[in-house]
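Student: Sequence:
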Amino acid sequence: MNTNEKLIHIFYEAFKVKDFKTMGDCYHPDATFKDEAFELKGKEIPAMWRMLCGVGASTIVEYSGVEADESTGKAHWEAWYTFSQSGNKVHNIIDAKFTFKDGKILTHRDTFNFYRWSSQSLGLMGKLLGWTPFLKNKVKERAMGNLRKFISKHPEYQ
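According to UniProt numbering, the residues represented by the sequence shown are 1 to 158, in order.
There could be a bad hint or two in this list.
Pair by pair, the computed Cβ-Cβ distance ranges are [what the hints assert, rightly or not]:
1. Lys6 with Glu78: 15 to 23 angstroms
2. Asp69 with Glu156: 28 to 36 angstroms
3. Lys6 with Gln158: 27 to 35 angstroms
4. Ile93 with Asn2: 22 to 30 angstroms
None of these hints come from the bench; they were simulated from the model.
The beta carbon of each residue, even a glycine, is placed where N, CA and C say it ideally should be.
Turn these sequences into a full structure, and let the hints steer you where they fit.
Tutor: Here you go:
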């Protein structure tokens with residue numbers, strides 16, 4: 001197992017136990033993160049993981065398919081949790097791609113089926129509107145608003 005594969009394993013093992021500090025330490029200071037809800041850089045990334053680990057205390061995470069070389073990597077991961085906004089149970093299936101710099105994650109891109117996720121997390125509204133840019137943009141706005149509020153209460157991420 002090479003250094004970058006080890007880094008991915010460290011990240012997901014920390015995620016499994018909600019160790020947001022170790023997760024954040026896996027990222028390069030110039031890192032970027034993107035998924036269907038967030039588009040982040042720098043200190044926003046560890047802030048997001050801390051926020052999500054806090055609200056998702058009952059989240060179960062499993063990962064597999066870790067592969068990496070000196071510059072890129074990937075993993076498959078799945079999460080089971082209760083969506084706080086609706087109380088609905090969610091099983092999200094995610095593929096992650098990474099690039100690395102100086103032994104840290106430089107870019108992290110998570111992709112998942114937004115329609116499947118919104119149908120589970122938002123119920124009927126997600127089933128009806130989950131395919132629309134309107135709902136995707138509303139989810140992004142709410143997620144980023146929640147993160148901005150969280151960061152405002154935690155100066156270490158400012």
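Student: Evaluate each hint against the coordinates.
Tutor: Hints versus structure:
1. Lys6 with Glu78: 15 to 23 angstroms: holds (21 angstroms)
2. Asp69 with Glu156: 28 to 36 angstroms: This hint holds: roughly 33 angstroms between Cβ atoms.
3. Lys6 with Gln158: 27 to 35 angstroms: The hint (27 to 35 angstroms, Cβ to Cβ) holds, given that lysine 6 and glutamine 158 are roughly 31 angstroms apart.
4. Ile93 with Asn2: 22 to 30 angstroms: Cβ of isoleucine 93 to Cβ of asparagine 2: about 26 angstroms, so the range 22 to 30 angstroms holds.
In the structure shown, no violation is registered for any of the earlier numbered hints.
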